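K.L.:
Put chain B on the given structure of chain A with help from the hints.
Number of protein chains: 2
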Amino acid sequence: MAVLKFDDVPFEQVRDGLQRKIIHLDQLMTVLLDFSDGPWEKPEPPHAHPHEQTSYIAAGEVIFYCEDEPEQHLKAGDMFFVPSGKQHCIRLLTPYARLVDSFSPIREDFL
Amino acid sequence: MAVLKFDDVPFEQVRDGLQRKIIHLDQLMTVLLDFSDGPWEKPEPPHAHPHEQTSYIAAGEVIFYCEDEPEQHLKAGDMFFVPSGKQHCIRLLTPYARLVDSFSPIREDFL
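Chains as they are written, first to last, in the numbering used here: chain A, 1024 to 1134; chain B, 1024 to 1134.
Only chain A is shown next, with the shape it has when bound in the complex (with noise of 0.2 Å):
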């Protein structure tokens, strides 16, 4: 079945204020993150992965941080996008965020 009906499908807890759902095929895959732990005092500790990554902001407000660019606040219904290599995080402005991420290849790292 190629569908993730929320209410069916339970959370992966990634740690104590993390959450996660994930969708994938071959190289696509599709990450729901809701955050419950905000807001935070400081960013999360910047990383990097060689995947593609773009995100949609679904509920909530975060700073965004990507190597040398000006950080970004951003909203629900803002997007970001983190090109292969480049070190990126984010802050949580409230208290709950809901952030939809994709990649490209695949996490396997998330499986």
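Honestly, the hints are just simulated from the structure, not real lab data.
Please note that a few of the clues may not be correct.
Any copy will do: because identical chains look the same in the list, a pair fits if it lies in one copy or spans two.
Claimed, not checked - With a straight-line Cα cutoff of 30 Å, these simulated DSSO-like cross-link-like pairs (lysine-lysine) come out:
1) Lys1028 to Lys1065
2) Lys1028 to Lys1109
3) Lys1065 to Lys1109
4) Lys1109 to Lys1098
Since this is a predicted model, take the numbers as computed values, not measurements.
P.N.:
Below, chain B alone, put in the same frame as chain A:
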């Protein structure tokens, strides 16, 4: 700048009742699609493309059809995916809906 702020970037009009905003990298594209001409009596015509697709229902409700699979009633928070080459389409059940579609490789025909 690696962001698309919803309030700063105008929609592209696809047709009456359908607008989109696009971000993309080399192998990954994400398209915010706002439909405003629902509900539809019938589904759109089925279509297929070699690109893999994932979709997040950000608002509204749709029926999702994918080849010979049973039709799926999806609502905000649900996701679907379309393997390369599979015939698929949706039917809008609500006046308004927002889908966030991702594709790999990118839809050159959208640029």
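K.L.:
Would you mind marking each hint as holding or not holding in the structure?
P.N.:
Hint check results:
1. Lys1028 to Lys1065: Cα proximity of Lys1028 and Lys1065: across copies only (22 Å, versus 33 Å in one copy).
2. Lys1028 to Lys1109: between (32 Å within a copy, 20 Å between copies)
3. Lys1065 to Lys1109: within (20 Å within a copy, 44 Å between copies)
4. Lys1109 to Lys1098: within (22 Å within a copy, 34 Å between copies)
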